[in-house]
Structure formats: C-alpha cells, structure tokens
Amino acid sequence: MNVIDAARITKRFRIPHEKKTTLFETALGYVKNQVTYEDFYALRDVSFTVKRGETTGLIGKNGSGKTTLLKILGGIIKPTEGAFHLEGVAAPLLSLNVGFHHELTAEENLFLYGAILGIPRKEIREKLREVLRFAGVERFKDTKLKNFSSGMTARLAFAMMVQTDPDILLLDEIFAVGDKDFIPQCISVFRDYKRRGKTILITSHDTKLIAEHCDKTMLLEDGNLIMFDETRKVIDYYMNGNGGPHSQL
Amino acid sequence: MKKNRNYLNLIYELSWLDFKLKYYGSVLGIFWSLLKPFMMLGILYVVFFHFLKVGIPDYQVYLLLGIIIWNFFADATTDSTQNMAAKANLLQKTNLPPFIVVVSSVIQSFWTFVITLGIFLALFLILGFHFTWSVMMLLFLVIILVFLVFGVALIIAPLSMHFKDFRHIWDIFLQMLFWVTPIVYQYTNVPEKYLKWYLLNPIARIVIDARNAVLYNHVPEVKQLLITTGIVALICFAGLAIFKKYNRAFIEEL
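Chains as they are written, first to last, in this note's numbering: chain A, 361 to 609; chain B, 1406 to 1659.
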C-alpha cells in the first residue's frame, strides 16, 4: 500500500534580478518598469511512491532539492506544479530545536517544544522526567538554555521529539548532531520507529548510515530525480561517479 | 491527510512565551507595560489640560480610558508586524498554521490590556466616580475591539513579511491614526463636514462608545453599535482572505 504518492512535483523559485525587499524599492521598480525575474527550479517533475513501513533515504549534493522535497511533503511549502497524497499524519522534523528559546529554562522549553510538536500539556508533564533523563540533563532542568552546549540542546530536543507518534517521519540530517554516546541512542530510537512500521524519509550525507538503514534510496541532482532504487545500487552509482559530467567530486 | 489537532495548547504556550520574553530581564518587568499608559496620561494631561486648557470635565479618566484602548490597538498591531519575522524559524521548519502565530501575538497583548483596564476601573471607583449597569456594554466593546485588532493584524502580518520596511510605514500610520481618534480631544470638535468620514474610523467609534458606557452612564445607540460591528466584520473578513491567500507564499521570503 502506498503511503506517499507524489506525482510530477515541481518547485520553482522566482529570483528577482534585483531583490526588492522593501515597499519603497518595489514601488520604484514598478515605476521604472524594472521587475525582472529569473526562474530557479529546486525540483523538476519528481514522481515516486513509498510503501507503508519503508525507510527511504534521500541523497544528493547540497542544493539538489532534498530539503525542498521534505518541506513540500511536510506541507510547509506548496509545490508550484504537481500533487501528492499522504496516508496518515506526517511529521516534518527539519531541524531539531525549532522554537527553542535560550532565555527559557530546559523545562519551560520542553513545554513549548512539546506544544509545537502537538503533544498535550498533560502528557508532557507526565513524560517530563523521562525526557530529561533520556537527554541526560536531569540536573539542569531549571538551567536556562543559553547555558547549555549545542549538543545538550540537540539531545533535549531529540528526546522530546521521539515522544510524538506520527505515521510518516520526514527527517532532515538529524543525526548530524550529538556526540558518540548519543548517536547510538538516536539510532536505537530510529530502529524502534522502523519496527513499529512507521514510514520514514531521511536525508543524509552519511552514505554509511543510509546504506545501513534505508530499504530504498533516491538520488537527486539539480532538482531531478536521477535514480530511485535499492539503496545499494543507488549508493554504488553515487559513489562511483557514474553520474556523468556532474560527478567530479 | 489532515488530522484535526488541538492548537489551544500551542497558542497558550506561544502567547505565554511572548509575554515572558517581552518583559524579560527588565527590573520592573511587567510593570513597564502598566507604567506606559500612566506615563502617557501624565504627559498628555499636563499638556492638554494645563497648557492648552481643553476643559473636558473629569479629563483624567476621560484621557486614561482612551489611552488604554489605543495602547492595546497600537501595541498588538505593532507586535504582529514583528512577530512573523521573529518566528521565522518556527514557520519555515514546521507545518504549523501561521494563523496561530498571529492569534498568540494578539492574545499576549490582550492580557496586558485586561490588566490595565482592571486597574482603570479600580481607580475610577477609588476616585469617587461610579458607573451604572451601562458599564456592561464595555464587555461587548472589548470583544469588538479584539476582533478589530485581530483583523488588522491579519492584514498587516503578510505585508510585513513581504516588505521589510512595512513596520516603519505602520509606525507612521499609527501616529496619524492616534490624532484622528478622539483620545485627547472630543469628537465633537471635529468640523461637521469631516465628521462623516471621521466616524468611519472603528477605533474612534469604540473609544466614543466606551466613554459613553463607563463615564457618562449612557448606553450607546444600537444603530451606531451595528455600524461599528459591520466595519469590524469587514476588516476581519478582509484580513482572513488576505492572510489565507498570502501567508504560505510569504513564509519563503522571511
């Protein structure tokens, strides 16, 4: 059964030759008749389907359209053309500590972040200790976040994030943070999601991680879906530079 | 694909966050927001009562009620021009409806307004004035005012996302609006031939009726209230339409 069904998704960004960000400049531009654009395609005609319970990797160079694709599937931005259908609730987790505020304490931040993730207040209160323990910051629950290291902040966010229960997870480079002790913890949570039959889309530059966890993988290049196949084949293709003129990396 | 989610908790958390951050780290904290209308009252009272001799009876309470209503409108709308940019990260990286950022911003200003209004009513009684049941109309006017603020916020939030200089334009607009609202003077001072246009300003209408209800124990005319409601409804619908059309597209530009 298809959980994600995307048909011909195209995202075009209009880049004005002269970026006008103020009302004054815009008015001036109209008067002088100087409003010219250049089109930039972040995604071009991308179609694919994902089955329930599959873990799909997204690889490709910086700027190839991976994050844009996740943003579209997560409902954050709209595609210029094309359509998609999702079966179930999708959670776009594009960055770990969205909404965290450094002037608030760890505990206050958890209530806020939990609300952003859609966890009821009562449930947050019940799980607070568990979350703080999982993140390893129990002693610092009343410390302001500005005194936390970036790793500690990421752990706190991750610990709260895994309390959610979406059907589809859209993960953007979330394993890029955390130290050597925390990454195995992340991976075990990730495995648990897989075991529970969640559908996962994950972007990463870490091909080892993709090879280890993803059933299938997409390779994006300049907004085009070059290849969507078994992970091993796609990674071989990507690493061995069969990508023609773009592969000199 | 859409599962109905309860956003009340998030609205509560966001408005509480803004409230805490706004007065954070200042010695007087929340008292700054309460001090502001009274500072304004002091200055305007001295200038207009003693220097310019406006001669409006009970000028201190007359002025204060106008200032409190005005401050809510000015503060809440100014916040809405800044809040979208301040929450850019949240808007760009989650699929939360941008609507709730506007709602929580208005609610945040609303609490300050409720506190100052409570202080006003207490002072009013302490100073020896008294009101009759016509004060109940104030409740209706406050609801209308909240909808007005909300509607205006929905219109200007997308504008401030698209045009980075919009907040300066709004500042100037507010200064102008302050003087076309009967806060320091009486609307009867406005020349007759302009009055018809003058009374299209919904803030002016709310201030006039609030004074009628509280200071003069006089229930506002139903017809006038209906016109106010109509103007506010129009602004609200325009706000909803504009916001719905543009908010997603403008998030990319933040």
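By construction, these hints were calculated from the structure, which means they are not laboratory data. On a predicted model such as this, the values are computed, not experimentally measured, just so you know. Glycine included, every Cβ here is placed at the ideal spot set by N, Cα and C. Worth double-checking, as some hints may not be accurate.
Okay, the calculated beta carbon distance ranges per label pair [unchecked claim]:
id, chain 1, residue 1, chain 2, residue 2, range
1, B, 1624, A, 375, 17 to 27 angstroms
2, A, 507, B, 1584, 27 to 37 angstroms
3, B, 1537, A, 386, 31 to 41 angstroms
4, B, 1426, A, 375, 26 to 36 angstroms
5, A, 382, B, 1426, 36 to 46 angstroms
6, A, 373, B, 1570, 53 to 63 angstroms
7, A, 396, B, 1638, 51 to 61 angstroms
8, A, 396, B, 1599, 38 to 48 angstroms
Here are the simulated lysine to any residue pairs, SDA-like style, with alpha carbons at most 25 angstroms apart [as the list claims (entries may be wrong)]:
id, chain 1, residue 1, chain 2, residue 2
9, B, 1649, A, 482
10, A, 506, B, 1411
11, A, 482, B, 1424
12, A, 482, B, 1434
Hints, verified against the model:
no.: 1; hint: 1624/B - 375/A: 17 to 27 angstroms; in the structure: violated, 58 angstroms
no.: 2; hint: 507/A - 1584/B: 27 to 37 angstroms; in the structure: violated, 47 angstroms
no.: 3; hint: 1537/B - 386/A: 31 to 41 angstroms; in the structure: violated, 53 angstroms
no.: 4; hint: 1426/B - 375/A: 26 to 36 angstroms; in the structure: holds, 34 angstroms
no.: 5; hint: 382/A - 1426/B: 36 to 46 angstroms; in the structure: violated, 27 angstroms
no.: 6; hint: 373/A - 1570/B: 53 to 63 angstroms; in the structure: violated, 23 angstroms
no.: 7; hint: 396/A - 1638/B: 51 to 61 angstroms; in the structure: violated, 41 angstroms
no.: 8; hint: 396/A - 1599/B: 38 to 48 angstroms; in the structure: holds, 44 angstroms
no.: 9; hint: 1649/B - 482/A; in the structure: violated, 32 angstroms
no.: 10; hint: 506/A - 1411/B; in the structure: violated, 30 angstroms
no.: 11; hint: 482/A - 1424/B; in the structure: holds, 22 angstroms
no.: 12; hint: 482/A - 1434/B; in the structure: violated, 29 angstroms
Hint compliance for this structure: hints 1, 2, 3, 5, 6, 7, 9, 10, 12 are not met, and every other hint is.
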